[in-house]
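*Asks:* Residue-level listing of the chains:
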Amino acid sequence: MNVKEMISPWVRAVPPSGIRKYFDLLNDMKDAISLGVGEPDFVTPWNIREAGIYSLEKGYTHYTPNMGYLELREEISRYMKRKFNMEYDPKSEIIVTVGGSEAIDLALRALVEPGDEVIIPEPCFVAYKPCTLFNGGKPVTIRLSSENKFKLTPELLEKSITPRTKVLILSYPNNPTGAVMNREDLAKIVEVLKDRDIMVISDEIYAELTYEGKHISIANFPEMKEKVIVINGFSKAFAMTGWRLGFACGHPDVINAMFKIHQYAIMCSPTMSQKAAIEALRSSDSQVTAMVREYNRRRRIMVDGFRKAGFDCFEPQGAFYVFPDIRSSGMTSDQFCERLLTEEKVLVVSGAAFGECGEGFVRATYANSMENIIEALKRIQRFTKKLGLG
Amino acid sequence: MDSKNAEFIQEVLEILESNGKYTEEQIAVMLNVSVDEVREAIKTLEEKNIIVGYKTVVNWEKTQKETVTALIEVKVAPQRGEGFDKIAERIYRYPEVKSCYLMSGGFDLTVIIEGKSLKDIAFFVSEKLATLESVLSTSTHFVLKRYKENGTIFEDKQRDNREAVIL
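Residue numbers (the numbering used here), protein chains in the order written: chain A, 1 to 390; chain B, 1001 to 1167.
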């Protein structure tokens, strides 16, 4: 038997991630600085960790309800209201998942049947396309550009819609560009979607990390609410990546469908993580604010540093990434990343990893200490000077 | 001072408190203001004695220098018309006193002193502190190990242990 032939063609259709090679190089290097990681450098605030430890001491080592502890869903409901002015019923409109990633997968599995088209504006988080393909869906990508500040425009959206369109994935604040969409931007998208039968998966995992003004969701538009699945989680805002905890909010029918898949595939999210998350939502606002403040300072240092190095750098307003345009170096993104790593020991990620239209850009994260960021920028400036830039 | 300016001042102080080595240029970028504004703000803060000084946090235990630190609980009799301030001043003027606080509770002053040896400290307590007229009693506790000082943890910095492969 040829085992390879036994693998589902839908899975075979997904290429392996091309990023690994740099990380192998990186592991052999001393004093290299990685601006490649997509998670906070902060450790989870102590009160949250302590709540996790306490739950173990108390013996909370069993399954929880499939949807997650009701106590946690109630806290999530209050949190969504308090922070983002969205109302969801904790009993029927919220499900607790294993990270935002599971919520994305569940949402796509609940909605997509073979042949359905899923519109994915790029550059974007790497999971949307594969998760669509795993379900036999057809990803329809949209190329966003720095000229439009990496926002989705109604014209681009309109052109991508066909009778087979089932889902639009929106992810703002965006990984990897740091772009956000404000009320006016979203209002134009709402005009396109409001009379159409298209669902929106709105990945808002970086919502708390919004630096100019307040985060707004497409679900804040009353005419859109039932069509939107809002995805959020604890990883980025509360620095809880390793706890694997996220959630989805939406119409009871769609949450119920996601629940069906979740209960058979996962059973429930980790118990101690849920206990810790209750503490996170109850008493960590000031710590989240302090982290956001610190990210904001680093963001400005990064943008300033890349500009001084001679690159056009779009000013990100959310998440913790900058996405400078490196085309003036005369290199491809891949070449740039490889040379920067071998010559100056700084790792950034090729923009092409986030969609073809990311070619010519690189992603650098400022989820690293200010010290490391300042040192990395020094090295990048030395590198571009050598190239005759900056 | 309007609230926006108050927030700016607070951020400048927070940044410098976290690391006194940041330059005015760096702080200006971090806060999206001009270098002159930062320079002006720092100058004013220094003049008002809000920024009292710039120091380095040193873990002396890792050097050759031998020091002994003690925390002394002091009970005093406050003087009419002068309260505790006068007697506190007579104590904190000694250069070996690193910190001095007025406390609520079972005693009045916390005095943290540093000396080269146990003998130094014993000498200070018995000859200088206890002999002051208003000092009623003292209770001396020696520091065995420092874990954290003014918000800085002394254990060796951990390597970044994040996986490099996750996007």
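Careful: at least some of the hints might be erroneous.
[Said to hold, decoys possible] 20 Å max Cα-Cα, derived EDC-like pairs, lysine to aspartate or glutamate:
#1 K30(A) x D1160(B)
#2 K1157(B) x D304(A)
#3 K1157(B) x D41(A)
#4 K1021(B) x D253(A)
#5 K1157(B) x E371(A)
It is worth saying that the hints were derived from the structure and are not from the lab.
*Asks:* The structure should be examined with respect to each hint, and the outcome stated for every one.
*Replies:* Each hint tested on the structure:
no., hint, result
1, K30(A) x D1160(B), "12 Å, holds"
2, K1157(B) x D304(A), "28 Å, violated"
3, K1157(B) x D41(A), "13 Å, holds"
4, K1021(B) x D253(A), "56 Å, violated"
5, K1157(B) x E371(A), "13 Å, holds"
Of the numbered hints listed earlier, those contradicted by the structure are 2 and 4.
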